Amino acid sequence: MPYGDEKHKLMYEGLAKILGERYVSDDPGVLQAYSRDYYAAGVLRRRRAEFIILPGSTEEIQQVVKLANRYHFPFSIIGTGMFFPTVVAVADYWVLMDSKRLNRIEIDEKNMYAIIQNYVTHAQLHAEAIKKGLFNGIPEAGGQASAFCNAIWAGNQDSSYRTGMASRNILGVEWVLPNGDILRTGTLAGRGDDYSWGEGPGPDLRGLLRGISGHNAALGIVTRIAVKLYPWPGPSAWPVAGLAPGKKCELPLDKFKWYLITYPTIQKAVDAMYEMGKCEIGAVLHHLPPLYFDWWWAKSREEYWKTWLEEYWQKNCKNVVAICLWNWAEDQIEYEEKVLNQIIKDTGGELIDDEVYQRWVPYTLNNWIRDSNACRWMRVGGGLGNTAILFDSMDAALQLFPVAFELMDKYTPPALDAGRADWILPMDFCHQALGEVDYVFEKTIDVCTKIQESFVEIMRRDRQDKVLNLSTAMSLQNLVGPAFANVHHITARIKDAIDPNNIANPTRLIDMEKYKAKMAKLAQEAKQEPGKAETK
Amino acid sequence: MVMEHGKSVPIDPWQRKYYWDLRKNAWHCDRDSNCKWIDPWEIKSARFSKVCPSSAYYLFDGYSCQGRMDVTVGLIDGELKQEEVHDLLGIYYKCNMCGGCDAGCKRIQDMEPLRVIQEMRHKLVGEGHLVPTHAPVMDSLRKEDNMMMQPKADRGKWAEGLKVKDLTREKADVVFHAGCRFSFDKEQWPVARTALSLLQKAGVDVGIMGASEVCCGGRPYEMGYKGEFTKFAEHNMEAWRNAGVKTVVTPCSDGYWAFKRLYPEVGSKFEVLHMVEFIDRLIKQGKIKFTRSIPMTVTYHDPCHLGRRDHVYVPGEPIKGIYDAPRDIIKSIPGIEFVEMYRNKEYAWCCGAGGGAKEGYPEFNAWTAQERITEAKAVGAQAVVTACSWCERNFMDAVKTMGEKTKVYDVVELVQQAI
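Taken in sequence, the protein lines are chains A and B.
Under the working numbering, the residues of the first sequence are numbered 14 to 549, in order.
Under the working numbering, the residues of the second sequence are numbered 22 to 440, in order.
Hints were generated in silico from the structure; no laboratory data involved.
One thing to keep in mind: the hints can contain errors.
Stated by the list, open to error - Some chain B residues close to chain A (C-beta under 8 Å, calculated; not the full set):
#	residue
1	128
2	130
3	305
Quick caveat, the model's predicted, so the values are computed rather than measured.
Where a beta carbon is used, it is the ideal one built from N, C-alpha and C, also for glycine.
Given only the sequences and the hints, what does the whole structure look like? Please build it.
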């Protein structure tokens, strides 16, 4: 709530001077609209910021950050809102920046990249890129989610099999550090107008903003990035027919061809995907669990539960590998089909029935290239949880899944029926992979509380088993750093160097106060009992 | 171990089979922002990809559908107190009630967020929280039975000189309801007169209420004045019954929506047709034939109340509306080159006039209309054709303000030119 005290007034005057009154709000009604993070924890811990502001340029953000250092107020920034990770206020005098005015797209057709700002969505970028024969990947968060945020956050995309994680496609970056300096990386560090190459003199600083789940503004505000685009063999406008929620998309079959193949075991499915990767065929590759078929296909909750309880997808889509062949060059699909058919034969796969294929592909799967539309997940219960999100290899995913299923069993209910929801998204022709086990739950305070307990347990398991799970990555590095080569020490030093006042989304990424207190305590113990502190 | 199938299904029946519940709807919002954009499948231009005028103009999420859900939950749960919200009325009323957010949401959720906003407006009015700039219009509705702040005695002037049954004294199968704007906006009189003539030429047994016609009640309903709506609805239905009317035909999309979707709630069983449905029927029956060519590139603007707001919500069912009839009419006119705007049908951008925004927040209303004209120009249209008096007026004003040459027509006007 706005406090109406002197500091509040000073902040308002300063912010309004930089941005204009129109772009600064301390109306509790407006603040309420930004009071929740997306996950279960966010439902439980709603809190309003002191101000919501709408900066329109890098320079304005720089001035706001300088003001924050002068008056010592914390800040964070949001994109389009989906997944909205850990940016809601957790301290007094919080300023939350809404990035809606940062919405510029520029496409460099010749050099195949796009310069984008924070509020540019995947679908916007995709629509503009395909007009020029290029495309960008789309994550499960959906076409309405920010392409910018995906690139600097988790970064998985449906085309990651061919194009890698989104975060590996970042070129030049412009970034306001928490101390108010502007950092430009790659070729952009030169004259300040060349985005074409990601690396520049010295260490590659993109590593600071990426990680598995980004830094969520804890190391400053990224304001502009360039992302690579790839050749697009399809039409210049997305082909779509019908009315929502039952729209249909039919991509030209001579350019895009989906194969959905079932396997007796997930191991066999993974073996087949490795073979596909070795042969470098296809542009999009997934292993999809039956749950995903129903989530994406059902147009209402009633339809979802009816189909789920009848086990339509469970019976017809066991251990499915979905691969889409793209015709970039003449006869490419023809060649890749031959290779694929040989792989299917060698690995014991079977094509799913045509009736099942027709029910799924034109209404859902084609669209994963434009939208993916994971928001349909929340239709079923209102909440989404994961017992595993792993960025490693497909083999590592197979090792993690039984642990994730064990946790699923323990927390179902309140988690809703999900079966064995073992999604695998191979990246870089299967050299890397995302493995994920998802479920939905009823979004009530009681259930969110239970789900939160499950997350705590997952974090404990992560730390104990040293499994690099997204739940770990999103948690405080104070907790998990010791399990991962003491990475928290490095993070803390970087944070301290560029954010001496600890105002950039404090407590997220690393809780500096706790960290410093712990370090002080250990130092004290070391003085008193040399040798003991080293073991902690 | 394989988990027992069907072990955990939702406890709350609402999560298995949808029914209306204000808080459950607002609480279920997952903040995915689909309410702010047209369907990502449909985006063809980054510039024209937003669906919610309110969010696009006011920018803060408090003025988006998602924010309104958060505020609603906050108010219901007591996290937020009405008296502490600086712009409580603005949050619920700086909105055209166009339903773009609702269509965006329904593609992925079983929810009726627009109904949440509507119910909150009814609640606010019920508690005496009134938008001050709505007062003159509400006075006009109470005293003069119209939205236009004009004397009710002048309501029938648009039809002067036409030979038509007066249903206050005669009986007919069909009543032609002109609506407030067509009745009082002189520039738009030709649309109403032509529409009526088309019905007569087609041999329809039609009449009008003339000066005794009153507002449909749809706009006051959306502004939160449910009592006024009921009064007008009961008045109209009684007058129609007395005149032996079976079918109501109107060229006004707001009126169409009120008669078709709101009146049944108060017992109406009248058949309701928009004028474009009637014309489309006559063309397909061969009763209207075009003899003149109109060499022009035109686009069609879907009025919200004739389009997406016409659908009756059933989870999973398409967001239906009268989308095809006006397009079929326009495309059948010789010489016309028809182009679609980037945002159309269930994802059409609003003209800005609805929901009390025109009366309450004229700058926002004007900006919304200008955005649509800019979009029409971007697709190369020389003219914007629509099927609603409110849209037409807003676009005519926008074109004038912008100094544009884009022409604005009602479908009826094009039909008349081509006959």
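Each hint, compared with the structure:
no. : hint : in the structure
1   : 128  : 4 Å, holds
2   : 130  : 5 Å, holds
3   : 305  : 22 Å, violated
Going down the numbered hints, you'll see the structure goes against just number 3.
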